[in-house]
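> Heads up: the sequence lines are chains A and B, in that order. As numbered in my numbering, residues 136 to 416 make up the first sequence, in order. As numbered in my numbering, residues 278 to 554 make up the second sequence, in order.
Keep in mind the hints are simulated off the structure, nothing from the lab. All residues carry an ideal CB built from backbone N, CA and C; glycine is no exception. Among the clues, some could well be false.
[As the list claims (entries may be wrong)] Distance ranges between label pairs, derived from CB positions:
no., chain 1, residue 1, chain 2, residue 2, range
1, B, PRO408, A, ASP181, 18 to 28 angstroms
2, B, PRO378, A, PHE163, 42 to 52 angstroms
3, B, LEU412, A, HIS258, 31 to 41 angstroms
4, B, LYS505, A, ARG320, 42 to 52 angstroms
5, B, ALA320, A, ALA305, 33 to 43 angstroms
6, A, GLY169, B, ASP329, 47 to 57 angstroms
7, A, ALA384, B, THR463, 37 to 47 angstroms
[Stated by the list, open to error] Computed far set for chain B versus chain A, every beta-carbon distance over 12 angstroms:
no., residue
8, ALA309
9, ALA345
10, ARG348
11, ILE352
12, ALA359
13, ASP375
14, THR395
15, LEU448
16, LEU457
17, ALA459
18, GLN461
19, LEU470
20, LEU478
21, TYR514
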Amino acid sequence: MAARLALRGVALGYLALLLALPLGIVFFNAFGGGFHQAWAAITQPDALHALWMTVLVTAIAVPANTIFGIICAHALVRSDFRFKRVLDAALDLPFAVSPVVVGLALFVVYGRTSPVGAWLLAHGIHVIFALPGLVLATIFVSLPFVVREVAPTLAEIGTEQEQAAAVLGANAWQTFWRVTLPSIRWGVIYGVVLSTARSLGEFGAVSVVSGHLAGQTETLTLFVEDRYQAFDPVGAYTAAVVLALLAFATLGAMNWLAAKEKSKWQSLPATSEKASATTSP
Amino acid sequence: MAATDLALPARWTRSKSNNGIGLPAAPGIATAYLTLIVLIPLAAVVWRATSDGTSGFFEAILQPQALAALRLTFIASLAACALNAVFGTILAWVLVRDDFPGKALINALIDLPFALPTIVAGLTLLALYGPHSPLGVHLAYTQAGVGLALLFVTLPFVVRNVQPVLMELDLEAEEAAASLGASQLTTFRRVILPSLMPALLSGVSLAFARSMGEFGSLVLMSGNIPFKTEVASVHIYGQIESGDVAGAAALSVVLLAVALVVLGLVALFQRRAARGS
């Protein structure tokens with residue numbers, strides 16, 4: 136019993152020092168000068184524009200990766216093709232590569248000194264230091280989430296219902312919309328939540344390709360750094376609080392979805408093997 | 278389903294009747310998208326790093342400042358991963374075997390470093406352990422501060438990898454060991470730990486990969502002092518800003534190589550874990 140209490144103390148103390156206290160202090164620093172000061176900091180034009188850029192980039196990157204994710208999961212689970220193992224392995228690269236390297240990679244391909252970048256510039260398309268660069272960087276870093284959530288679900292549901300639909304005369308499109316998509320929807324939603332959190336919070340990769348033009352190419356995470364470096368801690372902490380609240384919303388959504396998934400599997404005792412493999416508390 | 282799924286992709290290849298109904302275009306579309314978004318840009322970095330010849334590549338990565346940044350990143354990552362291997366296992370054990378009010382909340386909190394933007398993580402640590410620390414602990418702009426930031430961002434990896442294995446573990450073996458007179462420590466070392474090892478190693482590897490490339494949480498916390506607190510990704514960022522793209526690409530290739538090796542190790546550990554269960 137004493138050992139158990141000691142371990143509990145160590146675990147909770149570690150979490151408090153590493154997670155809870157630092158977060159608490161950020162809220163304190165943001166609102167320490169009063170709510171009005173914080174409100175003024177987050178409603179200044181540059182802050183609002185940065186928030187808008189973050190929302191815009193996320194609104195492009197997440198749907199792109201969701202569509203790709205469903206197609207890619209389908210390819211991995213339902214098809215056999217030559218390079219399947221390579222594709223599977225390469226999907227993990229965005230999780231392992233440094234965000235700065237991602238930014239550099241886009242810089243090398245689309246910068247003004249590269250043939251591709253020069254050609255695009257000659258046709259009036261700016262990628263680096265512009266919105267397309269921010270979007271490409273965000274798509275890169277959040278690419279695997281939907282695939283990795285959907286593929287196991289797709290493998291689990293099998294093809295019996297789809298075959299039944301096909302036998303009854305449904306075409307491929309109808310089968311997908313009416314049979315496949317409803318069965319994998321929780322996997323898709325979970326992947327979308329994770330992608331959205333990653334997209335809203337990406338910093339390193341967008342930092343390289345953004346050019347840090349306040350009011351133009353600055354996202355909310357870049358705004359945090361910019362305000363801190365400009366000795367405007369209230370601006371930095373207030374924007375950080377906005378991002379932290381979005382992170383909490385993500386956590387809430389993840390837990391809600393995990394609970395939903397768990398109760399679904401518990402109501403289907405035949406698949407208890409799957410439930411214990413993929414649900415954690 | 279927790280955020281581990283992103284770290285521990287379930288292997289679906291052996292599951293039932295999956296081939297048969299396929300979208301004929303899906304493999305092509307998936308491969309093209311991944312190639313365009315991920316593979317071509319990364320290949321371009323490798324190409325750029327070696328475009329001045331292999332001597333230029335080695336010259337760039339053997340620069341004293343680049344070497345110092347690599348060494349610090351490597352040592353700090355190892356240290357952070359070792360600490361989180363211990364604390365992560367303790368946390369997982371407490372979350373699975375212990376019971377106390379508020380446990381569900383604590384369990385949800387573990388994923389926070391995955392959900393919180395890295396720059397916010399850096400700012401939060403700076404607020405508590407920086408120059409205006411209310412605790413009087415000043416770790417900003419030190420190597421300890423670098424380690425602290427890495428501890429923060431890698432916290433969930435070990436917990437979320439070990440936790441499901443611990444839940445699955447049979448209590449009978451432990452009870453047998455205890456009834457045969459093994460102490461709690463011996464039971465843990467000889468009975469529990471061997472079963473946890475593949476998951477633990479896979480979590481540590483993922484944490485290590487993450488640490489080696491970490492940027493956002495270190496930008497503010499480390500102070501970026503060359504030869505002292507500058508990590509590899511921050512050094513690369515500085516090189517890009519000063520126009521040394523070839524140098525930045527060379528160091529990036531080193532980080533890419535480390536990432537590939539670690540991904541290979543993770544695959545190995547996960548195969549071993551799958552065989553063990």
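> If a hint holds in the structure, say so; if it doesn't, say that too.
A quick look at each hint next to the structure:
no.	hint	result
1	B:PRO408 - A:ASP181: 18 to 28 angstroms	25 angstroms, holds
2	B:PRO378 - A:PHE163: 42 to 52 angstroms	25 angstroms, violated
3	B:LEU412 - A:HIS258: 31 to 41 angstroms	56 angstroms, violated
4	B:LYS505 - A:ARG320: 42 to 52 angstroms	51 angstroms, holds
5	B:ALA320 - A:ALA305: 33 to 43 angstroms	41 angstroms, holds
6	A:GLY169 - B:ASP329: 47 to 57 angstroms	56 angstroms, holds
7	A:ALA384 - B:THR463: 37 to 47 angstroms	45 angstroms, holds
8	ALA309	10 angstroms, violated
9	ALA345	17 angstroms, holds
10	ARG348	16 angstroms, holds
11	ILE352	17 angstroms, holds
12	ALA359	14 angstroms, holds
13	ASP375	5 angstroms, violated
14	THR395	5 angstroms, violated
15	LEU448	15 angstroms, holds
16	LEU457	19 angstroms, holds
17	ALA459	14 angstroms, holds
18	GLN461	6 angstroms, violated
19	LEU470	15 angstroms, holds
20	LEU478	16 angstroms, holds
21	TYR514	5 angstroms, violated
The structure fails hints 2, 3, 8, 13, 14, 18, 21 (numbered hints given earlier, in ascending order).
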